[in-house]
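Student: Read off the chains here:
There are 2 protein chains.
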Amino acid sequence: MNEHPLQPLAHAIRFLSIDAIVRATEGHQGVPLGMAEIATALYARHLRFNPAAPTWWDRDRVVLSNGHGSMLLYCLLYLTGYEHITLEQVRSFREFGSHCAGHPEYAPELGIEVTTGPLGQGIANAFGMAVAEAYLNARFGDDIVNHRTYAFVGDGCLQEGIGQEMISLAGHLRLHKLTLLWDDNQITDDGKTELSISENVAERFRVAGWHVVEVDGHDIQAVSRALDAAQGSDRPSMIACRTVIGRGIPRVQGQRGGHSARLYEDDAQAARELLQWPHAPFDVPQDILAQWRSFGQRNDAQHQQWQARVQALPAAQRAEFERVMRGELPSGWQEVLLPFKRSAHEPEQAQGGILISAAINKLLAEVMPERMVGCADLEAPTAHKGGLHAFTADDRSGAYVHCGVREHLMGAMANGMAAHGGVIALSVTYLAFSDYERPAMRMSALMGLPVKYVFSHDSIGIGKNGPTHQPVEILASLRAMPNMLVMRPADATEAVECWEIAMQHRSGPVSMVFARQALPPVRRQYEAENRCARGGYVLHEAQCGARQVTLLATGSEVALACAARAQLEAAGIATAVVSLPCWELFDQQDTAYRQQVLGEQTVRVGVEAALRFGWDHYLGARGGFVGMPGFGAPGPADVLYRHFNITAEAVVAEARRLLVQGTH
Amino acid sequence: MNEHPLQPLAHAIRFLSIDAIVRATEGHQGVPLGMAEIATALYARHLRFNPAAPTWWDRDRVVLSNGHGSMLLYCLLYLTGYEHITLEQVRSFREFGSHCAGHPEYAPELGIEVTTGPLGQGIANAFGMAVAEAYLNARFGDDIVNHRTYAFVGDGCLQEGIGQEMISLAGHLRLHKLTLLWDDNQITDDGKTELSISENVAERFRVAGWHVVEVDGHDIQAVSRALDAAQGSDRPSMIACRTVIGRGIPRVQGQRGGHSARLYEDDAQAARELLQWPHAPFDVPQDILAQWRSFGQRNDAQHQQWQARVQALPAAQRAEFERVMRGELPSGWQEVLLPFKRSAHEPEQAQGGILISAAINKLLAEVMPERMVGCADLEAPTAHKGGLHAFTADDRSGAYVHCGVREHLMGAMANGMAAHGGVIALSVTYLAFSDYERPAMRMSALMGLPVKYVFSHDSIGIGKNGPTHQPVEILASLRAMPNMLVMRPADATEAVECWEIAMQHRSGPVSMVFARQALPPVRRQYEAENRCARGGYVLHEAQCGARQVTLLATGSEVALACAARAQLEAAGIATAVVSLPCWELFDQQDTAYRQQVLGEQTVRVGVEAALRFGWDHYLGARGGFVGMPGFGAPGPADVLYRHFNITAEAVVAEARRLLVQGTH
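Protein chains in written order, with UniProt numbering: chain A, 1 to 664; chain B, 1 to 664.
Just so you know, the hints here were simulated from the structure itself, not pulled from any lab data. Predicted, not measured: the structure shown is a model, and the values here were computed from it. Incorrect hints may have been included.
[To be verified] Output of the computed footprint for chain A on chain B, the stretches with three or more beta carbons under 8 Å from beta carbons of chain A: (1) 79-90; (2) 99-107; (3) 481-494; (4) 639-653.
[Said to hold, decoys possible] From chain B, some residues computed to sit far from chain A (all C-beta separations above 10 Å): (5) PRO5; (6) VAL22; (7) GLY156; (8) SER198; (9) GLY209; (10) GLU273; (11) SER331; (12) GLY404; (13) VAL472.
Cβ atoms here follow ideal geometry from the backbone N, Cα and C, with glycine treated the same way.
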């Protein structure tokens, strides 16, 4: 068999990977050794990229969904000439502080499009990128936005449920610029894939409406032809590449150990002999490196032509394109919320919490066409479709994605959209189902992506559907997540303030938590200041004397705290109500402010229709709490609040008990 | 068309459901009205059940995976004569305290096999039940265990990723006694399924190796024939039943509103006219009721014969069968752990935490053949296969299920196993991936099922794989879950004590959390008492005087606290170390014990390589904490512990800082 002229380039990936993994004493050789030819075919002939401009907005996106095979990506970035991924970085693979970490970590300026590792997330992110591309293409036209999304994918990503969620919806939406390159090596960490799967995976894609090509993954020409075919298809493409895991290392290739068994110098030596690679460790011959470097340069002209086309856009259109790609909000956007906020304190605004959020979002959608809303088959009860129309196979201009009952995909899609840029992703479902999305939410937080998670039906207040649908621990579990703002507004005024904050928060995700039931106004007058911006504030100071009691509450329970305060004050007990819509922002305030709000020398009672877990941070172990003792129960909301003793009377009793005890 | 003789029986379901839903003012009519004929076919001709003995061990299991259609199940239980589901209960549908809750809630004695509602869980539970049946069948033979598992399923369950995980693995394992009845009504909450799916779902099952039959779901005879065919198949069966959602109510049938739009008296009346049902609300004519009641009686003889066969078993075999079905542990089981515990304090026991757990589990497996271990493609790094062999399509005697990279299914499978009974389900993966399992874990906790979740790689101690694989918030999020014991042992002695507790804990799930890295003994001598049983205890009391400082730690950080204590004591600061392997058990102790352990008048410092969230319960807001500030980083474990300043020196410094401050 004649060797393909690019074969040495693939071997360069192979040996850089082996050398780095031997040096690191651990790593996953399976992917870079198995997919070296696949990656070479993609980068040499097809990929639209510019290593000198890693964040070129119209670049093709590449996701390494099998993120444990990170050396594949680092090799590609180094070989094609991304500035920050130097040979020194490659040598420092898996060391503390290296860009070449165990798993790729989101850093678009380095060439890393998304953090991957937890399986299935990456292909769902790629799906989200393809959705964002299609939407932006519809907005700005082929001249400005027209690129493809590729994902390297292993068996694990396709076993995970989120993988099927993606396959199903991508096929349905006919996302034809999305291409998966499947490393069909028939080995997972446990050994042969036949231990746990026997279906024809390619057929599963065909059933979902994908264009599928099956090739020898070590045949560069065959992969390249398949990539051509993918570019010509009107459906998303799956290129099933039959490969040998760990190819090139005699001891482990095609074996379970090919996945991630420790490699030694002897293995590197044996591979050099087998593949006739005479070069020293980490030595890529100049001619090979030069060829690799030429691939990125291939796109220089394209990039320049694209820049010229952007320059040539009408000024307003160009400004809009640049604005959304930079993630900037339109100037004056907050004005659209002003009339709403001005009347938010009026009693007739006592709608269901989620409907308040829906009304605000409808206003925002009018001035921010970059907002895309995904919802998991709860359009009617969450009401966030507003004036949007659906994003479909035939209409890419729609900003509302009917995700079906696929919460996990929805969250990971939002991450892909946010990583792509140019759109602001919202993800809407019931709070009880946030657990389905949680692995994706963790990735948003880890990457610091500005995804807006919107949750409805936030407590036992949902009523008769019962404990499966009643979150009691979920506020706590979300608050436990680093780099996630969790906001639970008490009424329409707080809701609009929180949305204002959420839209401006760009360093990480936000969870916006809303009641199903009506939220009567607790803020009784219009104030220009965004009081929620400090995370917590004194809603009502004690009136009948120096503050003895501080009631702390969030969301629907703020009204209840206010009612309790009225009873306590009437009894001559000076009581303040503190609203804490966002703990994370409150904790960022200075000590003096926090102490003043919390009233540390007073009796404190927390009120939230949820578990106490986490509240001791504000209450101390001896503070009082009125909330849930465990899971909920089926029944109407008012009955349940009484049953679980979450009432103004209970708050009053708890405050009195502590006042008598005198321990605070 | 001649009406099938059982058609009035199906209409009895339909009208009971309509009447109950009208009365409740809310509910989901789509399922009971669409699946009335399907259910009638199943119960009339095929199901092996005995309403007089709801928990008959060899009954067929029925799961309503589309749990929002709960009225279907309540009708079936009432009509066939389950004692506790009376007509009064049916009338009280969705009221507080009713057995007929919004969603079915686990109560086998009532006839409710499992709690359902969150979509996809139910069919995965059914899968677990079928696995348990197959395993018990292999253990005890066809005469003793030989029943089928049926699940009603809607579109949502099949859109959820967990649905595909189940389809894939059930097909692979050829679980031929598992049958799904799919309500193919082409409508979801959002409207037509074509909004979000266009694949041929039946074909997806065929690709996965299922036996698929497509029938008219309103044709009782066709469904019955399909059930016959399923019973004859050597593969799991999916009966795709084309149905009309909300069938019988002219205003909503076949429409989006058929799913759960509010129904009124007028609708009930219109349905009565359409279907020529002259009977009053909640009135089931005696002849129809009598026919329904006869179905359960059909199995009386079978049940008695089965009882006779059990009676006729050799005494030892019968005792063993009854023991495992009752969920009792074998007498003297703890003795197998004794030699391990006696030597657990010896320094050579300083293995990796997860390997310690593996060694204990290998001992337990020797005396408890009812233990079944599921693992999500991490056999080697978690090492819990021990001496077990694999449960496969050809060998049902294996107690180790290679779940593939399907964590969510794995957790829900464990729930199904536990709900089935006769097996003890373990579910093994990395702690970072517990989020994938979390929706199933929540169901374990809600149902109070004794599933053992085993987690490895519990902190930054896993090293170079980086933050995607490093849990920092997950201990907190698990501790936030009601009715879940979370145990994080510090060394081999604590590990064996915690496993002892976990095996005895039957009222809910347990999360067993283990380090990857070595856990040197912190318990330096053998003690017969299970000290972990109180959840927390003084490991080392202060020595150089009255206790001034209390260091509280869990897991791998207990050793670190001990090192800090040595430094503090050497400096004359009287310091105790408290180990808190299980917060939930500790919180159940009496106040005096807790106060004595926590040393409330001392300076307290918590130490855990995780976030502080939740710790203020023990530390107060002013206590000290040495742990993680946020997500982790890639790098070797020792480097990371230093980088994040989780060291004995940091603990000492924190204690000194607080001592100087004097605020505690």
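Student: In terms of beta carbon proximity below 8 Å, does the region 99-107 of chain B have 3 or more residues touching chain A?
Tutor: With 4 residues close enough to chain A, the hint holds.
Student: Do three or more residues of the region 79-90 of chain B come closer than 8 Å to chain A, measuring C-beta to C-beta?
Tutor: Violated - the region 79-90 of chain B has 0 residues with a Cβ nearer than 8 Å to chain A, which falls short of three.
Student: In terms of Cβ atoms, is chain A entirely out of 10 Å range of GLY209/B?
Tutor: GLY209/B not clear of chain A: closest Cβ-Cβ about 6 Å, inside 10 Å.
Student: Would the non-interface assignment of VAL472/B survive a Cβ cutoff of 10 Å against chain A?
Tutor: With a cut-off of 10 Å, VAL472/B comes too close to chain A, as the shortest Cβ separation is near 7 Å.
Student: Quick check for students: does the CB of PRO5/B sit more than 10 Å from each CB in chain A?
Tutor: holds, 36 Å
Student: Checking the smallest CB distance to chain A, is SER331/B really beyond 10 Å?
Tutor: Nearest chain A Cβ is 33 Å from SER331/B, so the label holds.
Student: Is the Cβ of VAL22/B farther than 10 Å from every Cβ of chain A?
Tutor: VAL22/B clear of chain A: closest Cβ-Cβ about 14 Å, beyond 10 Å.
Student: Does the claim that GLY404/B lies outside the interface with chain A hold up, using a Cβ gap greater than 10 Å?
Tutor: Per Cβ check, GLY404/B is inside 10 Å of chain A; nearest 3 Å; violated.
Student: Compute the least Cβ-Cβ separation between GLU273/B and chain A, then decide whether it is above 10 Å.
Tutor: holds, 28 Å
Student: Quick check: do three or more residues in the region 481-494 of chain B have a beta carbon closer than 8 Å to a beta carbon of chain A?
Tutor: holds (count 3)
Student: Is the claim that GLY156/B lies outside the interface with chain A correct, judged by CB distances over 10 Å?
Tutor: Given that some Cβ of chain A is not farther than 10 Å from that of GLY156/B, nearest at about 4 Å, it is violated.
Student: Does the region 639-653 of chain B contain three or more residues whose Cβ lies closer than 8 Å to a Cβ of chain A?
Tutor: It holds: at least three residues are needed, and the region 639-653 of chain B offers 3 whose Cβ sits within less than 8 Å of chain A.
In this structure, the earlier hints numbered 1, 7, 8, 9, 12 and 13 are contradicted, and the remaining ones agree with it.
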